[in-house]
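Number of protein chains: 2
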Amino acid sequence: METDRLDKWIGKITGAQKTRTPRRRHSKKDHKVQKLRIIPLGGLDEVGKNMTVFEYGDDIIVVDMGFQFPEEDMLGVDYVIPDISYLEGKKKNIRAVIITHGHMDHIGGIPYILPKLGMPKVFATKLTRGLIERRLDEFELTKMANLNTINPEETLRFGPFTLNFFRVAHSIPDGVGISIDTPQGRIIHTGDFKFDPEPAGSTQRTDIRKLQKLCQKPILALLSDSTNSLSPGTTISEKEVGRNLEDIIRKTPKRLIIASFSSLIGRIQQIIDYAQKYKRTVFVSGRSMIENMAIAEKLGYLKIPKRLVFDIRRTKKHPGNDSIILTTGSQGEAVSALTRIAMSEHPHVKLKEGDTVILSSSPIIGNERAIFTVINNLCMLGARVIHSAIMDVHTSGHAKQDDLTRMIKLVKPKYLVPIHGEYFMRKGHAELGSRMGIKNENILLIQNGDVLEIFAGKVEKSQEKVETNYIVIDGLGEGDVDSLVISDRQKMAENGVLIILLTVDGKTKKLLQKPSIISRGFVYLKESQEVEKEVGVKAERAYRNIIEKKKGVKRGEIKKYVRGSVEKYTHQKLERKPLIIPVIDEV
Amino acid sequence: METDRLDKWIGKITGAQKTRTPRRRHSKKDHKVQKLRIIPLGGLDEVGKNMTVFEYGDDIIVVDMGFQFPEEDMLGVDYVIPDISYLEGKKKNIRAVIITHGHMDHIGGIPYILPKLGMPKVFATKLTRGLIERRLDEFELTKMANLNTINPEETLRFGPFTLNFFRVAHSIPDGVGISIDTPQGRIIHTGDFKFDPEPAGSTQRTDIRKLQKLCQKPILALLSDSTNSLSPGTTISEKEVGRNLEDIIRKTPKRLIIASFSSLIGRIQQIIDYAQKYKRTVFVSGRSMIENMAIAEKLGYLKIPKRLVFDIRRTKKHPGNDSIILTTGSQGEAVSALTRIAMSEHPHVKLKEGDTVILSSSPIIGNERAIFTVINNLCMLGARVIHSAIMDVHTSGHAKQDDLTRMIKLVKPKYLVPIHGEYFMRKGHAELGSRMGIKNENILLIQNGDVLEIFAGKVEKSQEKVETNYIVIDGLGEGDVDSLVISDRQKMAENGVLIILLTVDGKTKKLLQKPSIISRGFVYLKESQEVEKEVGVKAERAYRNIIEKKKGVKRGEIKKYVRGSVEKYTHQKLERKPLIIPVIDEV
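So the sequences go chain by chain: W and Y. Its first residue numbered 1, the first sequence is counted upward by one per residue in the working numbering. Its first residue numbered 1, the second sequence is counted upward by one per residue in the working numbering.
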């Protein structure tokens with residue numbers, strides 16, 4: 001049935017192609033040449049929640065659907081997903097969701113967003129699809145979803161869009177970039193990429209030949225990954241990192257703990273290969289590491305020799321000196337296996353003097369403090385800790401400056417649109433483009449919610465702005481980051497809460513007893529009695545005041561007045577601003 | 001009077017020297033050779049709150065008295081100061097507090113701690129003393145304090161301690177290291193230092209000649225700065241940074257905004273000098289920048305030509321293209337001048353397309369996210385932003401690996417005690433010492449609260465452990481970081497607060513009305529009604545249950561039961577754990 005729908009759209013594009021004759025001038029709406037619109041809903045003001053809309057008339061394709069980890073001031077929030085308000089009235093127009101690779105900033109939003117869009121078809125390469133399925137499984141959505149596998153050698157057509165793919169090297173196998181043909185011209189979207197002459201395991205090189213072939217036709221716009229635009233030179237090869245790891249494995253007689261990203265299948269393959277070579281046993285810890293390895297092995301992206309790799313839970317005694325423990329937690333995440341090892345709280349691994357820990361990773365901006373705390377703790381337990389600031393035990397998945405200019409040279413685009421990354425990274429990419437000879441007016445530094453309009457060979461930023469609020473996922477709830485919830489949390493995080501209970505007579509409104517004061521997270525023991533007493537006095541006085549001064553005053557007004565009075569006291573006397581909650585109990 | 005006291009102690013040390021004859025065996029307690037104890041109360045598990053106690057019998061000197069900025073999980077806390085429990089019964093033994101230099105992690109704790117110790121004498125070099133005075137002024141403590149100026153060429157004696165000083169180059173002028181003679185031998189404490197062949201402005205080179213002279217006598221232990229122990233090579237010179245800044249100033253035709261540390265007087269001097277050379281006017285923004293420059297100028301550490309430097313508030317129009325704006329905020333601090341410029345909220349500076357911003361600084365661990373956000377905002381407003389990851393516009397104040405080994409070679413200590421810095425930094429320093437040939441058993445990796453005992457040429461870590469809690473400064477209050485206050489804030493920051501108001505009959509204990517539910521920072525609008533209703537039902541049921549089941553049940557028990565019941569619901573149904581506060585209003 002779904003294939004029928006696809007066929008219909010393939011038919012449509014064939015139809016559209018046929019109408020590319022003078023006749024189209026007086027043909028139906030469908031056949032009129034329209035503007036192509038490109039709208040990034042996420043991924044442009046952050047590293048995370050990538051999602052871009054390509055819209056031509058009544059046809060939409062979406063590229064990627066990621067989430068982002070919350071920023072520091074989004075207290076208690078689990079994830080942030082793109083705002084899809086723009087798509088809400090256009091669900092029926094969505095022909096396909098194309099996912100470039102299986103990282104969370106490209107697939108993490110799928111279980112939250114897909115159902116809201118009426119479960120449009122999703123297209124992804126084999127491994128990426130496997131990882132999406134795992135995500136959907138967690139939400140019991142797999143059966144309802146319509147997942148399709150991309151073969152990068154084939155062409156896909158969706159209404160007016162014709163898609164070709166080129167493999168890209170990245171820090172996860174099976175990534176692709178996309179060539180998007182539209183009635184307005186050909187666009188290249190790189191996805192996340194690097195040029196790695198020596199990728200490892202199942203990760204393949206960026207398919208330069210295919211890209212060159214696709215770029216024989218003039219490219220109107222290049223949308224290219226900006227994450228490493230401020231790093232000079234070229235990204236070092238994955239195999240180079242492997243050689244450094246081999247060196248450590250060879251020279252270390254005792255136990256090794258290697259923390260890395262669970263999606264870095266090429267790195268994991270190298271560690272397994274060297275473990276075999278140097279007769280080590282590998283124990284794996286961390287849910288995502290175990291799950292990703294299982295998926296990658298099942299789908300043929302990871303080769304695990306028999307009797308070499310074990311789940312850490314399967315070992316009854318602590319892993320010995322000949323073992324390599326492969327673990328998550330390289331970002332210092334609070335609940336990860338490495339953090340638990342560092343806190344001496346891991347059920348199976350007790351760190352010993354003489355253990356070596358390798359952080360085969362680099363810090364994501366904002367995680368530095370957490371990572372250094374883990375390193376401190378590991379050192380205190382007697383471990384030797386090797387990380388990327390000391391030695392090349394990690395390489396990035398993103399193109400550096402020389403790689404970015406190489407991409408520009410290959411694609412020779414008329415327009416450059418730096419994507420993926422924070423503003424200063426995209427600005428760095430824009431400067432590279434300018435130095436490569438692209439006219440400044442042809443370099444578009446857009447933000448989430450901006451609308452690019454493409455017509456007659458011109459790409460312009462429209463005046464229109466699409467809604468792109470931060471939509472937060474918080475436990476099982478979902479909300480707006482600008483909501484009172486977050487700002488209340490911020491206030492309580494800073495100075496706690498002060499509850500003022502006013503028990504009053506329902507009829508006379510008179511106070512029946514002295515106000516009760518309950519404070520949490522506000523004052524320290526030494527000062528608490530005096531402060532609470534004083535707050536009670538202020539609250540009582542304020543309540544009597546407002547009741548006397550204003551007959552028939554409303555509850556809201558009373559609360560506001562009492563709050564203001566107490567706030568003045570806490571701020572002036574204590575230099576603190578807790579969240580003050582007057583509670584009026586009418587009996 | 002105070003001089004009399006000092007003279008008495010000078011007398012005492014003379015006496016002690018005389019007793020170095022067989023007679024001391026049967027002499028008074030004062031003359032018995034005792035253990036020297038070195039106790040770091042802070043600065044060893046962090047970069048911050050440096051404070052070390054040197055104790056010999058009934059005589060104590062304290063080196064430094066800093067504070068620390070709170071760690072991420074210390075919500076709402078302003079500063080952390082060292083725990084001085086150990087000194088509380090020993091106030092009368094404190095002969096002097098010696099401050100090595102004027103950074104906040106060495107002087108910030110003074111106004112909080114000094115009064116608690118009975119205002120012991122403080123000794124500091126001229127600029128450092130000026131900066132301490134400013135701190136004490138803020139607390140109206142200057143008159144009560146007993147401040148004394150160190151002349152680094154002179155010797156100070158306090159009871160059994162004889163102190164000599166050597167100037168050290170650091171990122172603030174007038175820093176000193178200390179040679180401490182005790183009956184148990186000579187100790188060298190470097191303070192924060194680097195070897196800078198070309199320091200700028202009033203900052204002087206590390207006085208190697210004096211150090212060599214002091215090290216002609218055998219050095220028992222070297223306590224040395226570990227902050228940069230993981231950085232290879234040698235710290236680049238301040239003048240080198242100045243040349244890079246000159247280059248930018250010379251080549252930039254438009255307005256320049258330079259953010260740096262307000263205590264980096266040498267850097268500020270260079271910027272002023274180049275401003276004069278290239279006919280620029282300097283406007284200064286940020287309270288600490290203005291104050292530190294005023295103190296440094298007054299004391300002769302900063303030379304400001306007439307009609308060149310102005311307070312930003314003195315300009316009525318926005319500073320023009322020929323101006324250099326010198327500002328605080330290089331760490332992305334929320335209330336700093338640079339952050340306000342980046343948020344378009346600065347009253348006097350409106351960023352323009354074509355402005356250049358230099359962050360003449362490097363991120364302190366944990367500040368990276370805040371700094372990158374400021375950089376993003378500046379870029380979005382059209383500025384070109386230059387920071388230390390792009391160009392050498394900053395240098396550290398701390399010795400790197402080659403400098404640290406040079407210090408070890410100069411001092412040739414029997415024992416090495418890495419100080420200042422997080423554990424992994426001190427461990428890196430220990431490894432350097434080991435490579436330099438110091439025996440591993442003579443390298444002491446101690447932590448805050450450890451006690452080093454020195455006797456008969458041996459330095460050993462004692463089994464004793466001194467209390468070193470995190471003492472937090474929070475508004476005008478002071479408390480223990482382990483208190484309920486902080487953990488309540490953490491809970492509320494994550495999931496907010498849920499107040500359950502149970503209005504009950506004082507006699508029968510029966511509920512008089514349905515429980516009122518007040519939630520803040522807990523649920524988002526969409527879900528709030530349903531959740532609050534459900535919580536009310538659970539709370540009512542729980543209350544009735546416990547009242548019926550258990551006659552005469554206490555309030556605390558009722559609350560605990562209701563809380564448990566509601567907690568179960570929020571956790572299972574919403575995957576959230578708010579702070580639940582049942583309030584029983586008996587009427």
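Accuracy of the hints is not assured; some may be wrong.
Treat identical chains as interchangeable: a pair holds within one or across any two.
Pairs of lysine-lysine, DSS-like flavour, derived with a Cα cap of 25 Å [claimed, not checked]:
no., residue 1, residue 2
1, 458, 409
2, 559, 533
3, 251, 412
4, 465, 352
5, 559, 514
6, 514, 554
7, 507, 210
8, 213, 116
9, 116, 551
10, 533, 350
11, 554, 90
12, 550, 210
13, 439, 526
14, 116, 526
15, 251, 352
16, 510, 568
17, 439, 251
18, 91, 526
19, 573, 143
20, 303, 116
21, 439, 409
22, 213, 143
23, 509, 352
24, 90, 526
25, 461, 352
26, 306, 458
27, 550, 121
Just so you know, these hints were derived from the structure itself, not from any lab. Quick caveat: nothing in here was measured; it's all calculated off a predicted structure.
Status of each hint after checking the structure:
| no. | hint | result |
| --- | --- | --- |
| 1 | 458 - 409 | within (20 Å within a copy, 67 Å between copies) |
| 2 | 559 - 533 | both (19 Å within a copy, 22 Å between copies) |
| 3 | 251 - 412 | neither (47 Å within a copy, 32 Å between copies) |
| 4 | 465 - 352 | between (57 Å within a copy, 23 Å between copies) |
| 5 | 559 - 514 | both (16 Å within a copy, 21 Å between copies) |
| 6 | 514 - 554 | both (21 Å within a copy, 21 Å between copies) |
| 7 | 507 - 210 | neither (82 Å within a copy, 84 Å between copies) |
| 8 | 213 - 116 | neither (38 Å within a copy, 77 Å between copies) |
| 9 | 116 - 551 | neither (50 Å within a copy, 52 Å between copies) |
| 10 | 533 - 350 | neither (50 Å within a copy, 47 Å between copies) |
| 11 | 554 - 90 | neither (45 Å within a copy, 59 Å between copies) |
| 12 | 550 - 210 | neither (79 Å within a copy, 78 Å between copies) |
| 13 | 439 - 526 | neither (66 Å within a copy, 48 Å between copies) |
| 14 | 116 - 526 | between (52 Å within a copy, 16 Å between copies) |
| 15 | 251 - 352 | within (18 Å within a copy, 56 Å between copies) |
| 16 | 510 - 568 | within (24 Å within a copy, 37 Å between copies) |
| 17 | 439 - 251 | between (53 Å within a copy, 23 Å between copies) |
| 18 | 91 - 526 | between (59 Å within a copy, 22 Å between copies) |
| 19 | 573 - 143 | between (60 Å within a copy, 24 Å between copies) |
| 20 | 303 - 116 | neither (38 Å within a copy, 65 Å between copies) |
| 21 | 439 - 409 | within (14 Å within a copy, 57 Å between copies) |
| 22 | 213 - 143 | neither (38 Å within a copy, 80 Å between copies) |
| 23 | 509 - 352 | neither (68 Å within a copy, 57 Å between copies) |
| 24 | 90 - 526 | between (60 Å within a copy, 23 Å between copies) |
| 25 | 461 - 352 | between (58 Å within a copy, 21 Å between copies) |
| 26 | 306 - 458 | neither (57 Å within a copy, 55 Å between copies) |
| 27 | 550 - 121 | neither (62 Å within a copy, 59 Å between copies) |
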